[in-house]
Amino acid sequence: QKEVEQDPGPLSVPEGAIVSLNCTYSNSAFQYFMWYRQYSRKGPELLMYTYSSGNKEDGRFTAQVDKSSKYISLFIRDSQPSDSATYLCAMSADAGTALIFGKGTTLSVSS
Amino acid sequence: GAVVSQHPSRVICKSGTSVKIECRSLDFQATTMFWYRQFPKQSLMLMATSNEGSKATYEQGVEKDKFLINHASLTLSTLTVTSAHPEDSSFYICSVETEVDEKLFFGSGTQLSVL
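Chains as they are written, first to last, in the working numbering: chain A, 1 to 111; chain B, 1001 to 1115.
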């Protein structure tokens, strides 16, 4: 079993839809959870950063962490065509150490 | 947010040549930088951890003699792909750890194509 599992998609939704992206993981030591957005042939851009369990909201984005289930989610409300990208979950056990990434989910939002 | 500058953005070279990729932290000093590679439709795979003033730490399976990493200052790390071959063609990305809140920010990546 890989440390981090993420459905690669692709996921296609109409503009305005609510998008749910998810990752599961096996290492219970993970405490730091991040979501990155990556446009084609560009470096990943940090979207959300969460420590331990709970929810975090930033504009149209909400990140959820359920450590008991080893499951994290990213919700995008009122999705826009500009949200079309690959979304990568990432996590680590210690702050500042190299991250373990999911494979990324490709999202396409149509207008 | 933090700004990480990575150059060049794209390199096309002949097999057997060496290619140097630079990663600069523009907003802060970075004692630790990370180098990743990414194949098409695959996730980022950590290659090595670059520590300022000391030898880099390589992940299992990464040839340290082929992928030379130099972190000579607190704002610059370089990755040199020596004697590049077509199988080295990939997207290489650096990331920088902030000292304040220990988050990671990424460079824009370098697409290496070896002919």
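Hints may be right or wrong, so weigh each one.
Said to hold, decoys possible - Distance windows between CB atoms, simulated: (1) B:D1065 x A:N27: 29 to 35 Å; (2) A:P14 x B:K1064: 47 to 53 Å; (3) A:S82 x B:V1003: 48 to 54 Å; (4) B:K1064 x A:S73: 34 to 40 Å; (5) B:Q1042 x A:S28: 47 to 53 Å; (6) B:F1039 x A:E5: 32 to 38 Å; (7) A:G59 x B:T1082: 26 to 32 Å; (8) B:P1040 x A:S82: 18 to 24 Å; (9) B:S1083 x A:R77: 46 to 52 Å; (10) B:A1072 x A:R77: 41 to 47 Å; (11) A:S28 x B:E1059: 18 to 24 Å; (12) B:S1113 x A:K56: 34 to 40 Å.
It should be emphasised that the hints constitute simulated quantities derived from the structure, not laboratory data. In this text, a Cβ means the ideal position worked out from N, Cα and C, and glycines have one as well.
Status of the hints after comparison with the structure:
{"no.": "1", "hint": "B:D1065 x A:N27: 29 to 35 Å", "result": "31 Å, holds"}
{"no.": "2", "hint": "A:P14 x B:K1064: 47 to 53 Å", "result": "49 Å, holds"}
{"no.": "3", "hint": "A:S82 x B:V1003: 48 to 54 Å", "result": "21 Å, violated"}
{"no.": "4", "hint": "B:K1064 x A:S73: 34 to 40 Å", "result": "38 Å, holds"}
{"no.": "5", "hint": "B:Q1042 x A:S28: 47 to 53 Å", "result": "25 Å, violated"}
{"no.": "6", "hint": "B:F1039 x A:E5: 32 to 38 Å", "result": "18 Å, violated"}
{"no.": "7", "hint": "A:G59 x B:T1082: 26 to 32 Å", "result": "44 Å, violated"}
{"no.": "8", "hint": "B:P1040 x A:S82: 18 to 24 Å", "result": "23 Å, holds"}
{"no.": "9", "hint": "B:S1083 x A:R77: 46 to 52 Å", "result": "50 Å, holds"}
{"no.": "10", "hint": "B:A1072 x A:R77: 41 to 47 Å", "result": "45 Å, holds"}
{"no.": "11", "hint": "A:S28 x B:E1059: 18 to 24 Å", "result": "22 Å, holds"}
{"no.": "12", "hint": "B:S1113 x A:K56: 34 to 40 Å", "result": "39 Å, holds"}
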